[in-house]
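Novice: With chain A fixed as given, assemble chain B onto it according to the hints.
Okay, here's what each chain looks like letter by letter:
2 protein chains.
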Amino acid sequence: MRADARDNRMRILSAAEDVFGRSPAASTDEVAKLAEVGIATVFRHFPTKVALLEAVLTQRLERLRDRALELADSDDAGLAFFGFFSQVVAESASKLAIAEALSASGTVAGDEAKAAGQGMREAFGSLLDRAQQAGAVRRDAAFPEVYALLVGASRGATATGLESDARDRMLALLYDGLRTGTS
Amino acid sequence: MRADARDNRMRILSAAEDVFGRSPAASTDEVAKLAEVGIATVFRHFPTKVALLEAVLTQRLERLRDRALELADSDDAGLAFFGFFSQVVAESASKLAIAEALSASGTVAGDEAKAAGQGMREAFGSLLDRAQQAGAVRRDAAFPEVYALLVGASRGATATGLESDARDRMLALLYDGLRTGTS
Numbered sequence: 001m002r003a004d005a006r007d008n009r010m011r012i013l014s015a016a017e018d019v020f021g022r023s024p025a026a027s028t029d030e031v032a033k034l035a036e037v038g039i040a041t042v043f044r045h046f047p048t049k050v051a052l053l054e055a056v057l058t059q060r061l062e063r064l065r066d067r068a069l070e071l072a073d074s075d076d077a078g079l080a081f082f083g084f085f086s087q088v089v090a091e092s093a094s095k096l097a098i099a100e101a102l103s104a105s106g107t108v109a110g111d112e113a114k115a116a117g118q119g120m121r122e123a124f125g126s127l128l129d130r131a132q133q134a135g136a137v138r139r140d141a142a143f144p145e146v147y148a149l150l151v152g153a154s155r156g157a158t159a160t161g162l163e164s165d166a167r168d169r170m171l172a173l174l175y176d177g178l179r180t181g182t183s
Numbered sequence: 001m002r003a004d005a006r007d008n009r010m011r012i013l014s015a016a017e018d019v020f021g022r023s024p025a026a027s028t029d030e031v032a033k034l035a036e037v038g039i040a041t042v043f044r045h046f047p048t049k050v051a052l053l054e055a056v057l058t059q060r061l062e063r064l065r066d067r068a069l070e071l072a073d074s075d076d077a078g079l080a081f082f083g084f085f086s087q088v089v090a091e092s093a094s095k096l097a098i099a100e101a102l103s104a105s106g107t108v109a110g111d112e113a114k115a116a117g118q119g120m121r122e123a124f125g126s127l128l129d130r131a132q133q134a135g136a137v138r139r140d141a142a143f144p145e146v147y148a149l150l151v152g153a154s155r156g157a158t159a160t161g162l163e164s165d166a167r168d169r170m171l172a173l174l175y176d177g178l179r180t181g182t183s
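Chains as they are written, first to last, in UniProt numbering: chain A, 1 to 183; chain B, 1 to 183.
Some hints could be false.
Pairs involving identical chains hold if they fit within one copy or between any two copies, as the list cannot separate such chains.
To be verified - Think about it this way: if two alpha-carbon atoms lie no more than 20 Å apart in a straight line, the pair counts; the simulated SDA-like pairs of lysine to any residue are:
#1 114 - 161
#2 49 - 11
#3 114 - 159
#4 95 - 160
#5 95 - 3
#6 95 - 159
#7 49 - 9
#8 95 - 62
#9 114 - 160
#10 95 - 30
#11 95 - 66
For the record, the hints were derived by calculation from the structure and aren't laboratory data.
One chain only, chain A, in its complex shape (with noise of 0.2 Å):
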């Protein structure tokens, strides 16, 4: 891909990712539009809206998984794994309407959003490993209740429109009974 058309793509992608975020019933034009390229130019690098959303929903999770492993290096093992499962749950409500879209159409995930959600469920698994073994948190709670509790968060915040600091006091109550015996 030439340069120009990779600067576009990302254009797109981004443009994309904020207005499907926003509204998942939005339109291909109003894409093109906020990424300033014609029609023509999106349909030439996004043949369908499913491929579109498909292409934002795996390059939210391609980042997510990142910052999973770029916080896997960080001295604080703890912080890490809370600052980690906070944003993921502050940024879900625009990919859950990515999700919602994409589900909406009749759509299930395809292979490239799936080993991009596969990649972020085990770079999470790394944080909480090593959250344990740092004693930041308890040893007894396993991966998939960890992980439930997740993606619990993250619904549960969006579908009763929970406000940002209720939020925060909800993630309070789960971190507590994460740590609760570790000291």
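Specialist: Positioned in the frame of chain A, the structure of chain B alone reads:
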């Protein structure tokens, strides 16, 4: 409604809860078979599948509300609160399947289901108040975040396909967080 018509209606609702809870895309025909009534009888009571789904959802929410109201008289306010929380999460997979079938049909919950949902939330709020007064749940946990945790635990467990032992461990983590600082 005559007694036999009432009886038929209850059998249809109970069969529909079973059938759609397992498989939201199931047909009204399967409901009629399980209820051992003719398909015409189903349509006499519920003209459309959407009407039937709404009635099932309303019935479930009313049943949960009634259970919460019953528990509000219990001597052990902590046990009542945590017991109800666990029951909602344990029953959530089939309830979410029914809600999903409704939303897949492009319908939002009607007035009856909404009123039943509101009644359930209020009854849950009373259980929380009593558990806090009894010192079984921390007093700095406000309703919005505790309710988001109830919804979130249900959705997280369902979305990640949590086994029942992992679900119990997830709830134990949550409950420790809700109890922190009470003793």
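Novice: Confirm or reject each hint.
Specialist: Hints and how they fare:
1. For the identical chains of this complex, residue 114 and residue 161 are inter-copy neighbours only, at 16 Å across copies versus 27 Å inside a copy, given an alpha-carbon limit of 20 Å.
2. In the homo-oligomer, the alpha carbons of residue 49 and residue 11 lie at most 20 Å apart inside one protomer (16 Å), although the nearest pairing across protomers, at 44 Å, exceeds that limit.
3. Only between protomers do residue 114 and residue 159 lie at most 20 Å apart by alpha-carbon distance; the minimum there is 15 Å, versus 23 Å within a single protomer.
4. Taking CA atoms no more than 20 Å apart as the test, residue 95 paired with residue 160 passes in both settings, with 16 Å inside one copy and 17 Å between copies.
5. For the homomeric pair residue 95 and residue 3, neither the shortest alpha-carbon distance inside one copy (28 Å) nor that between copies (50 Å) is at most 20 Å.
6. Taking the shortest Cα distances, residue 95 and residue 159 sit within 20 Å of each other both inside one copy (13 Å) and across copies (15 Å).
7. In this assembly of identical chains, residue 49 and residue 9 lie within 20 Å of each other by CA distance solely inside one copy; the values are 14 Å within and 44 Å between copies.
8. In the homo-oligomer, the alpha carbons of residue 95 and residue 62 lie at most 20 Å apart inside one protomer (12 Å), although the nearest pairing across protomers, at 32 Å, exceeds that limit.
9. Proximity of residue 114 and residue 160 under a CA criterion of 20 Å is satisfied inter-copy only: 14 Å between copies versus 27 Å inside one chain copy.
10. With identical chains, the CA atoms of residue 95 and residue 30 are at most 20 Å apart within one copy only, with a shortest distance of 18 Å there and 36 Å across copies.
11. Proximity of residue 95 and residue 66 under a CA criterion of 20 Å is satisfied intra-copy only: 16 Å inside one chain copy versus 35 Å between copies.
In summary, the one numbered hint that this structure violates is 5.
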